[in-house]
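Peer 1: Here the protein sequences line up with chains A and B, keeping their order.
Going by the numbering used here, the first sequence opens with residue 21, and the numbers climb by one from there.
Going by the numbering used here, the second sequence opens with residue 8, and the numbers climb by one from there.
If you're looking for bench data, these hints aren't it; they were derived computationally from the structure.
Some hints could be false.
[Stated by the list, open to error] Partial list, computed: chain A residues near chain B (C-beta under 8 Å):
1) Val61
2) Val104
3) Leu112
4) Ile198
5) Gly202
Everything numeric in this text was worked out from a predicted model, so none of it was measured.
In this text, a Cβ means the ideal position worked out from N, Cα and C, and glycines have one as well.
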Amino acid sequence: MSNQEKEPMFSAKNLKLFTAPLGRDNPITVQVLGICSALAVTVKLKPAIVMALSVTIVVAVSNVVIAAMRKYIPDRIRIIVQLVVIATMVILVDQFLKAYAFDVSKQLSVFVGLIITNCILMGRLEAFAMANKPWPSFIDGLGNGAGYGIILIIVAFFRELLGSGTIYGYPVMQKIGIYSTGYENNGMMILPPMALIAVGLIIWFQRSRNRSLIEKK
Amino acid sequence: MKEFSNKYIFIFSAVMVIAVATLLSLAATLLQPRQQKNLEIEKKKSMLESIGIPSIHETTEVLYDKYIKESFVLNSKGEIVDGIDAFKIVLNIEQKKPLEQQYLPVFNATPDDGEKIIILPVEGKGLWGPIYGYVSLKSDMNTIYGVTFDHKGETPGLGAEINTTPFESMFNGKKLYEADKFVSIGVLKGGSKSGDPHNVDAISGGTITSKGLEKMLLDCIVKYNDYLLKNRN
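Bound conformation, chain A alone (with noise of 0.2 Å):
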């Protein structure tokens, strides 16, 4: 048999597609990637999980698709296959939700348009799984996925907890009485530029843990 299916399904070699992402190969922080829809969706930790789990699923399914037919792609329109996958899956997922999870569909309606633009779906797609096994491809989705989320995630609980007093939409401030003390909600938390700055200060937090990011001079 060939060498292929002596690699276990989670090597070690696997288990490092996954968890690269979340830390030193990050697509926002590291790659700098997806930034739009990291600053409009992270003003309330509801919608920014949302959009976490739909660029998770549509990423690692895209990636599945394109890897099984990488041989079969020519080079010269394969950024156009890629296209074509990733718009057919979003609105395929649009229109079941729309059918299955009306309440769930609702609560995404812009964000699908936002997961066919978001730059980390092409770049995994062109960078990983046109050169890649399905199932590598997988775990390499569900692991940029995660990155992308996790960023979206820590960014969308600052911006909610310091602009609107709330975590999950539930009013933390209030209930810790913080207010009577002068307290007030930082209203620059709700605008885009806030975004921008707490993922900056994320890069500076992750660069000064992690020297070998520092580019050389």
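Fit chain B to the known structure of chain A by using the hints.
Peer 2: Using the frame of chain A, we list chain B on its own:
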């Protein structure tokens, strides 16, 4: 990477496009009845919400039949037009017609507190797309009993906040008329004074949505002016 001939590329793209088109149209056609049904339930659910009756997807239709028993259609002069189903009226199609030809739906409801309520649908423009909702009025045809709003794609966390309870509940008890003059409800940036019967607070960061909502209320409800004045008690 293997080289592919032009012929292969053409065939590949043709097959891909046809396959995808078939798949998508199949999905759209097969799922359409269910999607339509969902939209209908959603509409009933919004109307129930505007009279303060929460419902979940499964209970909506039963509750709707229980509380909202009557509906009719008015013309722009406030006269009842017979033979048209108010529930089937699509507001944004009506709004494209000249005012004299527009049909204006009215729904009558009686919640558990016995109040006779009318529900009026409203629809307008937000920042990214349509916003819509229902406004319910007490029998004095002036005081707002409740409202519910929704949107197609306003910015999450900003304009999208119009469909949340904290925003909607500000409308309760507000008044549309100053004596006999229709003044509608203003959505004020910087906040309304407490006790102000005609204004509510706008959403920070959602200025255009707030403005759109204010315009929607004015434009849609003023059409009912004749009917509301005639039937107040």
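Peer 1: All hints are to be evaluated individually against the structure, with a verdict given for each.
Peer 2: Tested hints:
1. Val61: Hint holds; Val61 (chain A) Cβ to chain B Cβ min 6 Å, cut 8 Å.
2. Val104: Cβ of Val104 (chain A) sits 6 Å from chain B, so the hint holds.
3. Leu112: holds, 6 Å
4. Ile198: Interface hint status for Ile198 (chain A): violated (18 Å vs cutoff 8 Å).
5. Gly202: violated, 18 Å
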